[in-house]
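Mapping to this note's numbering: the sequence shown position 5 is 5, numbers consecutive.
It is possible that some hints are incorrect.
[To be verified] Straight-line alpha carbon distances no greater than 20 Å define the calculated SDA-like cross-link-like pairs of lysine to any residue that follow:
no.: 1; residue 1: Lys55; residue 2: Ala107
no.: 2; residue 1: Lys55; residue 2: Trp108
no.: 3; residue 1: Lys55; residue 2: Phe116
no.: 4; residue 1: Lys20; residue 2: Lys115
no.: 5; residue 1: Lys115; residue 2: Gly94
no.: 6; residue 1: Lys115; residue 2: Gly33
no.: 7; residue 1: Lys45; residue 2: Glu31
no.: 8; residue 1: Lys20; residue 2: Gly43
no.: 9; residue 1: Lys45; residue 2: Thr14
no.: 10; residue 1: Lys20; residue 2: Tyr65
no.: 11; residue 1: Lys115; residue 2: Ser25
no.: 12; residue 1: Lys55; residue 2: Lys45
no.: 13; residue 1: Lys55; residue 2: Thr102
no.: 14; residue 1: Lys20; residue 2: Glu79
no.: 15; residue 1: Lys20; residue 2: Thr102
no.: 16; residue 1: Lys20; residue 2: Asp68
no.: 17; residue 1: Lys55; residue 2: Ile70
no.: 18; residue 1: Lys20; residue 2: Leu48
no.: 19; residue 1: Lys45; residue 2: Gly94
no.: 20; residue 1: Lys55; residue 2: Tyr65
no.: 21; residue 1: Lys20; residue 2: Val35
no.: 22; residue 1: Lys115; residue 2: Leu29
[Stated by the list, open to error] Pairwise CB distance ranges, derived in the manner of DEER restraints:
no.: 23; residue 1: Asp82; residue 2: Leu56; range: 31 to 37 Å
no.: 24; residue 1: Glu32; residue 2: Gly90; range: 27 to 33 Å
no.: 25; residue 1: Glu34; residue 2: Ala107; range: 19 to 25 Å
no.: 26; residue 1: Ser27; residue 2: Gln78; range: 16 to 22 Å
no.: 27; residue 1: Arg76; residue 2: Glu100; range: 19 to 25 Å
no.: 28; residue 1: Gln71; residue 2: Ala111; range: 25 to 31 Å
no.: 29; residue 1: Ala107; residue 2: Ile28; range: 34 to 40 Å
no.: 30; residue 1: Glu26; residue 2: Gly90; range: 16 to 22 Å
no.: 31; residue 1: Glu79; residue 2: Leu29; range: 29 to 35 Å
no.: 32; residue 1: Leu29; residue 2: Phe87; range: 16 to 22 Å
no.: 33; residue 1: Ser27; residue 2: Gln63; range: 19 to 25 Å
no.: 34; residue 1: Ala107; residue 2: Gly43; range: 17 to 23 Å
Keep in mind that the hints were calculated from the coordinates and are not lab data. Keep in mind it's a predicted model, so treat the numbers as computed, not measured. The beta carbon of each residue, even a glycine, is placed where N, CA and C say it ideally should be.
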Amino acid sequence: MASAANQSGMKPSTQICALKYRQPSESILSEEGEVVLLVVKSGHKATLYAHRDLKLLIAGRDQQYVEDFIQYVIPRAQESPDELFEFLSGLTAGPIFADEVTPFDEAWIAARYPKFSPEPKRT
Numbered sequence: 001m002a003s004a005a006n007q008s009g010m011k012p013s014t015q016i017c018a019l020k021y022r023q024p025s026e027s028i029l030s031e032e033g034e035v036v037l038l039v040v041k042s043g044h045k046a047t048l049y050a051h052r053d054l055k056l057l058i059a060g061r062d063q064q065y066v067e068d069f070i071q072y073v074i075p076r077a078q079e080s081p082d083e084l085f086e087f088l089s090g091l092t093a094g095p096i097f098a099d100e101v102t103p104f105d106e107a108w109i110a111a112r113y114p115k116f117s118p119e120p121k122r123t
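Based on the provided sequences and hints, a complete structural model is requested.
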């Protein structure tokens, strides 16, 4: 996972953390996986974006885990966005893990991750 900092060492005001899903057949520390969630932190606000085909990308046995994970993240994005972003950007083991943290703009998301949409609806 890459860390985002500008040349002055300061973190940019808007950052994105790409979270990957690790298939059950992969090693718990494998970096292989599909980006399934994006967390955008802008100032003191965090927004969660989910891959449009999220349920199709997650193995059946991990469906409930991922749904619970999202239900955990959504309210914390409102309550404690800075702490949540730091937590998510540090995930390294388990089915959901951080791939990269980078500065971006809104057009960057659309260009790099066209199959994502804002916060998944609660089920």
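Regarding the pair Lys20 and Tyr65, is the alpha-carbon distance no greater than 20 Å? holds, 14 Å
Please test the hint of 16 to 22 Å on the beta carbon pair from Glu26 and Gly90. Roughly 19 Å apart at Cβ, these two residues keep to the hinted range, so it holds.
Does Tyr65 sit within 20 Å of Lys55, going by the straight-line distance between their CA atoms? At roughly 12 Å apart (the allowed maximum being 20 Å), Tyr65 and Lys55 satisfy the hint.
Hint check for Glu100 and Arg76 - Cβ pair distance inside 19 to 25 Å: The hinted range 19 to 25 Å holds for Arg76 and Glu100, with Cβ atoms some 21 Å apart.
For Glu34 and Ala107, compare the CB-CB distance with the range 19 to 25 Å and indicate the outcome. holds, 22 Å
Quick one, are Lys20 and Lys115 close enough, alpha carbons at most 20 Å? Satisfied, since the Cα-Cα distance of roughly 14 Å is no more than 20 Å.
Take a quick look at whether Lys20 and Asp68 sit within 20 Å of each other, Cα to Cα. Cα-Cα ~16 Å, so holds.
Is the hinted pair Lys115 and Gly33 satisfied, with a Cα-Cα distance of at most 20 Å? The hint holds at about 16 Å.
Could you tell me whether the CB distance from Gln71 to Ala111 stays inside 25 to 31 Å? holds, 29 Å
So if I understand the rule, the pair passes when the alpha-carbon distance is 20 Å or less; does Lys45 with Thr14 pass? holds, 9 Å
Verify the proposed pairing of Lys45 with Gly94, using a straight-line Cα cut of 20 Å. The given pair, whose Cα atoms are some 26 Å apart, is violated under the 20 Å limit.
Verify the CB-CB distance for Ser27 and Gln63 against the hinted window 19 to 25 Å. With a Cβ separation near 21 Å, Ser27 and Gln63 satisfy 19 to 25 Å, so the hint holds.
Hint compliance for this structure: hints 1, 2, 5, 7, 8, 11, 12, 13, 14, 19, 22, 24, 26 are not met, and every other hint is.
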